[in-house]
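Using the sequences provided together with the hints, build the complete structure.
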Amino acid sequence: MAVERDFDKLWNYEDPAATEVKFRELLPAAEKGKDKAYYIELLTQLARTQSLQRKFDKAHEILDKAMKLIGAEHIVPRIRFMLERGRTYNSSKEYEKARELFHAAYLQSEKYAEDNLAIDAVHMLGIVDKDEESLKWNNLAIEMAERTTDEKAKSWLGPLYNNTGWTYHDMGEYDKALSIFEKNVEWHTKRESGMQLYIAKWSVARCLRSLGRVEEALEMQMALRGKDNEMYSCEDGYNAEEIAECLFTLGRAEEAKPYFSRAYEQLSKDSWVQENDKEKLERLKSLS
3 MAVERDFDKL WNYEDPAATE VKFRELLPAA EKGKDKAYYI ELLTQLARTQ
53 SLQRKFDKAH EILDKAMKLI GAEHIVPRIR FMLERGRTYN SSKEYEKARE
103 LFHAAYLQSE KYAEDNLAID AVHMLGIVDK DEESLKWNNL AIEMAERTTD
153 EKAKSWLGPL YNNTGWTYHD MGEYDKALSI FEKNVEWHTK RESGMQLYIA
203 KWSVARCLRS LGRVEEALEM QMALRGKDNE MYSCEDGYNA EEIAECLFTL
253 GRAEEAKPYF SRAYEQLSKD SWVQENDKEK LERLKSLS
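Everything in the sequence shown is counted per our numbering, starting at 3 for the first residue and increasing by one.
Watch out, some of these pointers could steer you wrong.
What the hints assert, rightly or not - Capping the alpha-carbon separation at 25 Å, the derived lysine to any residue pairs in SDA-like fashion look like this:
#	residue 1	residue 2
1	178	193
2	178	188
3	178	149
4	185	206
5	11	41
6	99	274
7	132	96
8	185	145
9	132	282
10	178	152
11	271	17
12	34	16
13	132	159
14	259	273
15	154	8
16	38	154
17	271	253
18	287	227
19	95	54
20	57	102
21	259	281
22	156	194
23	34	8
24	156	200
25	178	199
26	138	149
27	185	211
28	34	13
29	154	176
30	138	178
31	57	283
32	24	188
33	185	151
34	185	15
35	11	250
What the hints assert, rightly or not - Quick list of simulated restraints, FRET-style, between CB atoms:
#	residue 1	residue 2	range
36	113	218	45 to 53 Å
37	191	224	18 to 26 Å
38	288	31	20 to 28 Å
39	113	31	29 to 37 Å
40	172	113	26 to 34 Å
Since the hints were made in silico from the structure, they are not lab data.
Just so you know, even glycine gets a beta-carbon here, dropped at the ideal spot from N, CA and C.
So, in structure tokens, the structure goes:
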């Protein structure tokens with residue numbers, strides 16, 4: 003089983019630009035060092051910071067550099083390479099290429115008993131596929147995470163509960179989604195997970211709205227608001243959007259307007275929303 007690399011602890015997935023800075027500080031020593039595997043793995047994670055910033059060409063450029071260094075002995079670096087190349091393809095909507103790489107990463111990880119990477123690969127297959135296929139992969143990943151003795155691999159349970167819940171939600175199976183989302187809240191509550199616990203609670207409230215339990219959903223979203231300077235702007239935007247939608251559904255359109263406005267202000271800055279959900283932005287703007 004692979005030794006945890008120090009750069010794994012430096013990751014802040016909410017701020018890939020800041021993580022990039024930290025990784026670049028490690029690069030010169032890693033490149034000159036004797037541990038080539040470490041250097042290759044660091045390159046793959048640097049590429050991921052680019053992909054998360056939607057700089058896909060730069061991500062591929064860094065991964066090309068890593069690929070040229072991979073030898074037959076580099077098992078974990080090769081798996082990490084496949085995962086990050088796959089994630090870059092997935093984020094840039096080249097889904098078939100992504101699926102092929104995630105599946106290859108899964109098979110390699112299973113072969114060499116790399117539980118953490120195997121679960122990562124299966125969880126990505128659950129993202130790239132949809133509906134029943136997605137559920138198949140998500141349920142497999144949950145089973146793997148629940149039975150592994152690797153504590154790092156077990157930490158995948160939170161993201162897996164979240165992804166499975168949203169798959170059920172997207173399929174319109176709201177009762178099943180709610181059950182999984184509530185399980186996720188329980189899991190994160192035990193771990194005092196901060197923002198991840200916030201997202202888990204937000205998801206429960208969002209699902210309650212889909213179930214028509216709008217008053218309950220509104221109460222939960224209002225409880226999540228807190229102080230704006232304690233929240234990520236993106237999450238603040240989604241929270242404001244949900245409060246607005248609940249109020250609007252309850253016939254309180256005037257009360258909803260400032261929340262629609264706040265949601266538009268925040269979410270219009272989000273590059274993913276700009277690229278993938280223009281209808282949302284148009285609705286928020288028109289109702290604010």
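Hints, verified against the model:
1. 178 x 193: Given pair residue 178, residue 193 holds - Cα atoms ~23 Å apart, limit 25 Å.
2. 178 x 188: holds, 16 Å
3. 178 x 149: This hinted pair holds, its Cα atoms lying about 22 Å apart.
4. 185 x 206: Distance ~10 Å between residue 185 and residue 206 Cα, so the pair holds.
5. 11 x 41: Distance of about 16 Å is within 25 Å: holds.
6. 99 x 274: The given pair, whose Cα atoms are some 21 Å apart, holds under the 25 Å limit.
7. 132 x 96: Distance of about 15 Å is within 25 Å: holds.
8. 185 x 145: Given that 25 Å is the threshold and the Cα spacing comes to 15 Å, the pair holds.
9. 132 x 282: Since the Cα atoms of residue 132 and residue 282 sit roughly 22 Å apart, the hinted pair holds (cutoff 25 Å).
10. 178 x 152: violated, 28 Å
11. 271 x 17: holds, 15 Å
12. 34 x 16: Outside the cut-off at roughly 30 Å; violated.
13. 132 x 159: holds, 19 Å
14. 259 x 273: With a Cα-Cα distance of about 23 Å, the restraint between residue 259 and residue 273 holds, given a limit of 25 Å.
15. 154 x 8: Given pair residue 154, residue 8 holds - Cα atoms ~14 Å apart, limit 25 Å.
16. 38 x 154: holds, 23 Å
17. 271 x 253: violated, 28 Å
18. 287 x 227: holds, 21 Å
19. 95 x 54: This hinted pair holds, its Cα atoms lying about 13 Å apart.
20. 57 x 102: Holds: residue 57 and residue 102 sit about 22 Å apart, inside 25 Å.
21. 259 x 281: Holds, at about 17 Å.
22. 156 x 194: holds, 16 Å
23. 34 x 8: At roughly 17 Å apart (the allowed maximum being 25 Å), residue 8 and residue 34 satisfy the hint.
24. 156 x 200: holds, 20 Å
25. 178 x 199: holds, 19 Å
26. 138 x 149: Roughly 17 Å between the alpha carbons, so the hint for residue 138 and residue 149 holds.
27. 185 x 211: With a Cα-Cα distance of about 18 Å, the restraint between residue 185 and residue 211 holds, given a limit of 25 Å.
28. 34 x 13: holds, 22 Å
29. 154 x 176: violated, 30 Å
30. 138 x 178: holds, 15 Å
31. 57 x 283: holds, 23 Å
32. 24 x 188: violated, 33 Å
33. 185 x 151: holds, 21 Å
34. 185 x 15: Holds, at roughly 23 Å.
35. 11 x 250: Status violated; Cα separation ~43 Å.
36. 113 x 218: 45 to 53 Å: holds, 47 Å
37. 191 x 224: 18 to 26 Å: holds, 19 Å
38. 288 x 31: 20 to 28 Å: violated, 53 Å
39. 113 x 31: 29 to 37 Å: holds, 31 Å
40. 172 x 113: 26 to 34 Å: Because 32 Å falls inside the window, the suggested range holds.
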